[in-house]
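Engineer: Each chain, letter by letter, is given below.
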Amino acid sequence: MKQFFAFVTKEFAHVLRDRKTLFILFGMPVVQILIFGFALTNEVKNAKLVVVDQSKDLISQQIINRIEASRYFEIEKAVMDPEQIEAAFKEGKIRLAVIFPAHFTDNLMHINRAQVQIIADASDPNTANMLSNYVSSIIQDQQVQLNEANAIPYAIVPEIRMLYNPQLKGAPNFVPGVMALVLMLVCVMMTSISIVREKELGTMEILLVSPFRPLLIIISKAVPYLFLSLINVISILLLSVFVLDLPINGSIALLFAESTLFIITNLTLGIFISIRTNSQQVAMLISLMGMMLPTVLFSGFMFPIENMPMPLQVISNIVPAKWFYIIVKSIMIKGVGFAAIWKPTLVLVGMTLLLLGLSWKNFKIRLA
Amino acid sequence: MKEVVIQTEKLTKRFGDFIATNEITFDVTKGEIFGFLGANGAGKTTAMRMLCGLSLPSSGKATIAGFDIYKKTEEIKKNIGYMSQKFSLYEDLTVLENIRFFGGIYGLSNAQLKSKSEALVTELGLDKEAKKLVGSLPLGWKQKLSFSVAIIHEPKIVFLDEPTGGVDPLTRRQFWDLIYKASDKGITIFVTTHYMDEAEYCNRICIMVDGKIEALDSPTNLKKVFNTNSMDDVFYQLARGAKRKE
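In order, the protein sequences belong to chains X and E.
Each residue of the first sequence is one higher than the one before, starting from 1 at the first, in my numbering.
Each residue of the second sequence is one higher than the one before, starting from 369 at the first, in my numbering.
Wrong hints could be hidden among the right ones.
Reference listing, derived: stretches of chain X covered by chain E, where coverage requires no fewer than 3 residues with Cβ under 8 Å from a Cβ of chain E [what the hints assert, rightly or not]:
1) 193-204
2) 207-219
3) 349-359
No lab work stands behind these hints, which were simulated from the structure alone.
From the three backbone atoms N, C-alpha and C, an ideal C-beta is built for every residue, glycine too.
Using the sequences and the hints given, assemble the complete structure.
Structural biologist: Right under this line is the structure:
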C-alpha cells in the first residue's frame with residue numbers, strides 16, 4: 001500500500017508539473033461549455049417576424065399584441081402578400097411568419113375553432129423549432145384566457161409549417177454531450193499516453209524489474225485522471241447550473257455515481273489502448289480518431305441517432321459515450337431515478353468489465 | 369569458496385529461428401564485478417534481461433540470489449537492482465522526487481527514505497540540485513544518480529546495461545568509483561559494456577560472440593592466454609570471427 005501511495009504521488013507530480021496540459025485539461029470543459037452555451041446558443045431573442053392579418057379583428061389583434069410584447073420577437077411592420085413573404089424568407093429578413101386567415105374571429109366564435117398558420121425558416125432547424133413553439137404557446141395562452149369566460153371551449157389550431165427542412169429533430173442537449181466528450185478525452189487519451197510514455201522512455205523496464213506489482217502500475221497511472229475527471233464533471237455541472245441556468249432535475253449523487261462509472265469505463269479503454277501500442281503518437285491517434293470522432297458522431301449529441309442508417313445505428317451501440325449521454329440526459333433533464341437508467345448503466349458496466357478482461361489478458365509482465 | 373549469487377546453466381533465448389543467447393553457463397560470486405562484453409547484437413542485453421526476469425528463457429537453468437528464475441520472480445525482484453541502456457529516471461521530477469519514488473516502490477520506510485536521500489545527495493555532491501528537475505542535469509550526473517537510485521534498496525545484485533554510454537571519460541571514471549564502493553559493500557555488479565578500458569576494471573569478464581560465451585576469465589589471465597597486453601586485442605581476436613552484423 002505504501003508502495004502504491006509512492007507511485008500515485010509520483011503520477012500526481014507528473015500531471016501537476018505539466019502546467020500547459022493541465023491548463024488545457026481544466027480549461028477545455030469551461031471553454032466548451034461557454035462556446036456551446038453562448039456562441040452556439042439555441043435561444044433566440046428579437047427574431048424578426050411578419051404578421052399577415054387577413055382577418056383584422058379583435059382576437060387576432062390581441063394575439064399580435066402578445067407576440068409583440070414578448071422578448072423573443074420583433075414584428076416587421078410592413079404588410080406583405082404571400083409572395084413577398086417568401087422573398088423575405090429567402091433573403092433571410094424574417095425567420096417566422098404568422099398568418100391569420102380571413103374570418104379568424106368569426107370561425108372561432110361560431111364553430112369554436114380557427115386556424116393560424118405559422119411558417120418558419122427551418123434551414124436552421126433548432127431555431128425554427130424554438131420560434132414556432134414560442135408562438136404556439138403565446139397562442140395557447142390567449143386561448144386559455146378566452147376559455148375562462150366560456151362554457152364551450154374555443155380551439156385555436158396553429159398549423160405549423162417548417163420551410164426548407166420539414167423533418168425537424170429535437171434540439172441537441174449539449175451539456176451531457178460536452179461531459180461525455182471531455183471525460184472521453186481526458187481519460188482515454190491522457191491515460192493511454194501516460195502509460196505508453198513510460199514504455200517509450202524505458203522507465204517501464206525499471207518498473208517491471210522492481211517488485212512493484214505490474215497491475216498496480218497501471219492502476220496508479222489511472223488514479224490522477226480519475227480525480228481530474230471528477231473535477232471536470234464538477235466544473236461542467238457548476239457552469240451549466242449557474243451560467244447556463246440548466247437545472248439538474250435528478251439526483252446529484254446518482255449523476256456523480258454514473259459519471260464515475262463512465263470515467264472508469266474510459267480509463268480501462270485508455271489502459272487497453274496503452275497496452276496494445278508502443279508509441280505516444282499511435283496512442284494519441286487511436287484515442288483521437290478512434291474515440292473522439294465516434295463520440296461526436298455516435299453519442300447522439302450532435303446528430304440524432306434515429307436519423308442514421310441502420311448499420312450506423314448498430315455501430316453507435318458500441319460507443320460508451322452514447323450510453324452515458326442517455327444516462328446524463330435522463331438524470332439532468334428528465335430527472336429520473338436509477339430504475340429508468342439501469343439498462344444503459346448495465347451496458348457501461350459490461351463494457352468496463354470486458355475492457356478490463358482484455359487488458360488483463362494482453363498485459364505483458366515481461367518484455368519478450 | 370565464496371557465495372555464488374548468479375548461476376546459469378545452458379541458458380538460451382530464441383526468437384523464432386534466431387538464437388540470441390546460446391547455452392550460456394557461468395557463475396558469479398558475491399561482491400564480484402562481472403563484466404559482460406560483446407559487439408552490438410552479441411546477446412548481452414538479452415542475457416541480462418533473462419536474469420532480471422524481463423524476458424523468459426527458452427531453455428536452460430538459472431538462479432539469482434539463490435532463487436530460480438522461472439518460479440521465484442517476485443523474490444528475485446526484491447533482491448536486484450537494474451539500470452537500463454536508456455536513461456531511466458523521470459526527467460520531469462526533481463532529484464529528490466526520483467529518489468523518493470524509486471525508494472518508495474521498493475518499500476523503504478519514510479525514515480529510511482529521508483536518511484537515504486540525504487546521504488545519496490551528499491555523496492553525489494548534488495546538494496544544490498536536489499530540488500531541480502532531473503532533466504536539467506548534465507548526462508554524467510544523471511547516470512551517476514541513476515546508478516545510486518538502482519542500488520537505493522541495497523540489493524544483492526545490480527545489473528547495469530551499458531551504463532556509461534555517451535558519457536565522457538572523466539565521468540566514466542567517477543562512475544566506476546561508485547561501482548567499486550557498491551562492490552565493497554558486498555553488492556554484486558553485473559555490467560555490460562563495449563568500452564575496453566572498463567573491461568579492465570572488472571574482476572572477471574565474459575566475452576560473448578554471436579550469442580555464445582567465447583572467453584571467461586580475469587582481464588590479466590585473458591591477456592596472458594591471448595598473448596597480448598591490451599584488452600582491445602583480446603576482443604578483436606575473438607570478435608573478428610563474428611558472423612552477425614550490427
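Engineer: Taking the earlier hints as the rules, which of them does this structure contradict?
Structural biologist: Structure breaks hint 3 only.
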